[in-house]
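For the protein sequence lines, the chains are X and B, in the order given. FYI, our numbering numbers position 9 of the first sequence as 9, with every residue one higher than the one before it. FYI, our numbering numbers position 310 of the second sequence as 310, with every residue one higher than the one before it.
Source of the hints: derived by calculation from the structure; they are not laboratory data. Yeah, the Cβ is synthetic: ideal placement off N, Cα and C, and Gly gets one too. Mixed in with the good hints, there may be bad ones.
Claimed, not checked - Which stretches of chain X does chain B cover? Using the computed rule of at least three CB atoms under 8 Å from a CB of chain B, they are:
#1 57 to 65
#2 81 to 95
Said to hold, decoys possible - Which residues of chain B face chain X? A partial, calculated answer using Cβ under 10 Å:
#3 Leu18
#4 Ser22
#5 Ala48
#6 Val50
#7 Thr63
#8 Asp65
#9 Asp90
#10 Leu91
#11 Phe151
#12 Gly158
#13 Leu272
#14 Tyr276
Number of protein chains: 2
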Amino acid sequence: MNRSSQKEQTEKIQRILLAHGSGGKAMHQLIKTTIGPLAGVEVFNDSAVVDLTDFNGKQIAFTTDSYVVSPIFFPGGDIGSLAVNGTVNDLSMVGAKPLYLSLGLIIEEGFPMELLTRVLDSVKEASARAGVRVVTGDTKVVNKGSGDGIFINTAGIGVVDKNLNLSPMNVMPGDVIIVSGDIGNHGVAVMAERNGLSFEPPVMSDTRPLNGLVEIMLEHTRAIHVMRDPTRGGLATTLKEIALESGVCIEIEEEKLPISEQVKGACELLGLDPLYVANEGILVAFVQKDMSKSLLEVMRSHDAGRNANIIGDVKASPSGKVLLKTKLGGTRLVEMLPGEQLPRIC
Amino acid sequence: MNRSSQKEQTEKIQRILLAHGSGGKAMHQLIKTTIGPLAGVEVFNDSAVVDLTDFNGKQIAFTTDSYVVSPIFFPGGDIGSLAVNGTVNDLSMVGAKPLYLSLGLIIEEGFPMELLTRVLDSVKEASARAGVRVVTGDTKVVNKGSGDGIFINTAGIGVVDKNLNLSPMNVMPGDVIIVSGDIGNHGVAVMAERNGLSFEPPVMSDTRPLNGLVEIMLEHTRAIHVMRDPTRGGLATTLKEIALESGVCIEIEEEKLPISEQVKGACELLGLDPLYVANEGILVAFVQKDMSKSLLEVMRSHDAGRNANIIGDVKASPSGKVLLKTKLGGTRLVEMLPGEQLPRIC
Numbered sequence: 001m002n003r004s005s006q007k008e009q010t011e012k013i014q015r016i017l018l019a020h021g022s023g024g025k026a027m028h029q030l031i032k033t034t035i036g037p038l039a040g041v042e043v044f045n046d047s048a049v050v051d052l053t054d055f056n057g058k059q060i061a062f063t064t065d066s067y068v069v070s071p072i073f074f075p076g077g078d079i080g081s082l083a084v085n086g087t088v089n090d091l092s093m094v095g096a097k098p099l100y101l102s103l104g105l106i107i108e109e110g111f112p113m114e115l116l117t118r119v120l121d122s123v124k125e126a127s128a129r130a131g132v133r134v135v136t137g138d139t140k141v142v143n144k145g146s147g148d149g150i151f152i153n154t155a156g157i158g159v160v161d162k163n164l165n166l167s168p169m170n171v172m173p174g175d176v177i178i179v180s181g182d183i184g185n186h187g188v189a190v191m192a193e194r195n196g197l198s199f200e201p202p203v204m205s206d207t208r209p210l211n212g213l214v215e216i217m218l219e220h221t222r223a224i225h226v227m228r229d230p231t232r233g234g235l236a237t238t239l240k241e242i243a244l245e246s247g248v249c250i251e252i253e254e255e256k257l258p259i260s261e262q263v264k265g266a267c268e269l270l271g272l273d274p275l276y277v278a279n280e281g282i283l284v285a286f287v288q289k290d291m292s293k294s295l296l297e298v299m300r301s302h303d304a305g306r307n308a309n310i311i312g313d314v315k316a317s318p319s320g321k322v323l324l325k326t327k328l329g330g331t332r333l334v335e336m337l338p339g340e341q342l343p344r345i346c
Numbered sequence: 001m002n003r004s005s006q007k008e009q010t011e012k013i014q015r016i017l018l019a020h021g022s023g024g025k026a027m028h029q030l031i032k033t034t035i036g037p038l039a040g041v042e043v044f045n046d047s048a049v050v051d052l053t054d055f056n057g058k059q060i061a062f063t064t065d066s067y068v069v070s071p072i073f074f075p076g077g078d079i080g081s082l083a084v085n086g087t088v089n090d091l092s093m094v095g096a097k098p099l100y101l102s103l104g105l106i107i108e109e110g111f112p113m114e115l116l117t118r119v120l121d122s123v124k125e126a127s128a129r130a131g132v133r134v135v136t137g138d139t140k141v142v143n144k145g146s147g148d149g150i151f152i153n154t155a156g157i158g159v160v161d162k163n164l165n166l167s168p169m170n171v172m173p174g175d176v177i178i179v180s181g182d183i184g185n186h187g188v189a190v191m192a193e194r195n196g197l198s199f200e201p202p203v204m205s206d207t208r209p210l211n212g213l214v215e216i217m218l219e220h221t222r223a224i225h226v227m228r229d230p231t232r233g234g235l236a237t238t239l240k241e242i243a244l245e246s247g248v249c250i251e252i253e254e255e256k257l258p259i260s261e262q263v264k265g266a267c268e269l270l271g272l273d274p275l276y277v278a279n280e281g282i283l284v285a286f287v288q289k290d291m292s293k294s295l296l297e298v299m300r301s302h303d304a305g306r307n308a309n310i311i312g313d314v315k316a317s318p319s320g321k322v323l324l325k326t327k328l329g330g331t332r333l334v335e336m337l338p339g340e341q342l343p344r345i346c
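Same shape as in the complex, but just chain X (with noise of 0.2 Å):
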């Protein structure tokens, strides 16, 4: 072998080649050496066996979201680990405690290995953060100009207290209305690399499991009603979302908002408006009055909860409709994201 051929021959064997799809050898090694070691997960079976044995009595709640984010490496995250805390998150939002996830890949023919290496990486650095286990997944591979990079699907189990029943349904007029943190940080984050500009310091993407912040939060109050984390479409959306489930108005209060100057001043140069900015590592809770201040403070404790707000409160009408209540003193109607304000967030 001469030595291009040789050269040839290494890269070759650091992308992603369509034999790496077709169920063969090539697709066999890769699972062995490369996704299953590197995802955590010892066999990697067409379908986990798992036992619940110690949650019996429990619900099981079931979630699943797929990740197209670009570019995949962000300031503060990546498509691995956006993919294990997206999906640990809205288990999470429903009380469940999240116990295991399925990784299905999608990935383009070409792909350097070492793009892939570093993305499991970050898949198994995010599952033991949160306290969760990979225990199935599948690899698909696209010919060249049908994919883009890899896309990433998790699916996730968790158990539920059948005691807990989180929906807009329970909303009640007076609840009071809390955000667990800064708002706007990963659209941000993502749309500066998309562009190409960096802020000084770095906008980074909130990204993070809620998992332990959700479990402090249900051990001092049952008087949750909903809690949802706003991802794409914003704050604003899933407001407005809530809103039009439950049948109550939604008023919330400009100035109470968290958001951080760095955050506002990339908004203004970005032309985004920061209440539709995706986020990926914030909750909104509604809770009964009473409880509002004591749970404020157990969320304060929490390092994901540490900028948590109380935002606004829930009035009888009008039904379904978001107010803003502006810091000039206006009154604004927040309606959902109406278009592709931030394609390809998450």
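Place chain B on chain X using the hints.
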């Protein structure tokens, strides 16, 4: 609005837009009017909470698969039915009763709404046929050129008896190997469609749910040691996997392999070895010899097992090998699919 912009407008709402994946209003409408009802779910929550009280003391099986098949419609099925049946079958192979599915869609901008509707109809029909429910989902849209029409991820959960343990570790010399039906149909159907070939009568994909068949098999005997559905990589790759994992030698007879004349002919034409062609509606079972004849009868009584056949048995050595006794009396060593015979077959 003049006629041409009206037409544009009509055209616009009939295709998937980036806004459909943005988390905002367009996405909510798409889910509410199209994805939710068509996929057969009323509320498309981020997380579903399911009650498994009826299955107290059982274990949970959990699996995931992404589907990137090209083309998305082929004789006998489409990406929608494939995604449901594939995940139902992965659960069935560990002896689980499949109950709930998640549905993750990654759609390319510009994908015709009419095709999405057809795919979702197919998801609904296949779910009804298999007796499973789609309870949670996710929709992402990627820019034109960053995907290929539609990719689907389904994850699934089911329940398994605690005392049921299907594993290659149980396979023993003397075990008899049964295949539940004709091999090669799915791969040939997709390849024919992809290459614009048509056979008369057409070769149809065998995509179908196997949970019904598995149920009567396990009712009949618990002497089944392991089951697998030989999908990507075909029967050869699956048998080689089992030989390696169990450390036994697998001996099969070419003339016992159920295969239709059409698939045989098509494989010759396309230059494919049917042993390596993907299947989506058959299983291979390793069973204790004394139960094999009666199990075969039971399988043949079921629509999905009509063409079941005993194809060989298990020897102690040489360990990890698969031997094929050819019709001409020779013996051939069977290895895993070495390369990329059939990319994007599922």
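To see whether the hints hold, each was checked on the structure:
1. 57 to 65: holds (count 8)
2. 81 to 95: It holds, with 4 qualifying residues against the three required.
3. Leu18: holds (4 Å)
4. Ser22: Result: holds, 5 Å to nearest chain X Cβ.
5. Ala48: holds (5 Å)
6. Val50: Holds. Min distance 5 Å.
7. Thr63: holds (4 Å)
8. Asp65: Holds, because the Cβ-Cβ distance from Asp65/B to chain X comes to roughly 5 Å (cut-off 10 Å).
9. Asp90: holds (5 Å)
10. Leu91: Where the cut-off is 10 Å and the nearest Cβ of chain X is about 6 Å from Leu91/B, the hint holds.
11. Phe151: Hint on Phe151/B: holds, closest Cβ of chain X at ~6 Å, below 10 Å.
12. Gly158: holds (8 Å)
13. Leu272: violated (13 Å)
14. Tyr276: Where the cut-off is 10 Å and the nearest Cβ of chain X is about 8 Å from Tyr276/B, the hint holds.
In this structure, only the earlier hint numbered 13 is contradicted, and the remaining ones agree with it.
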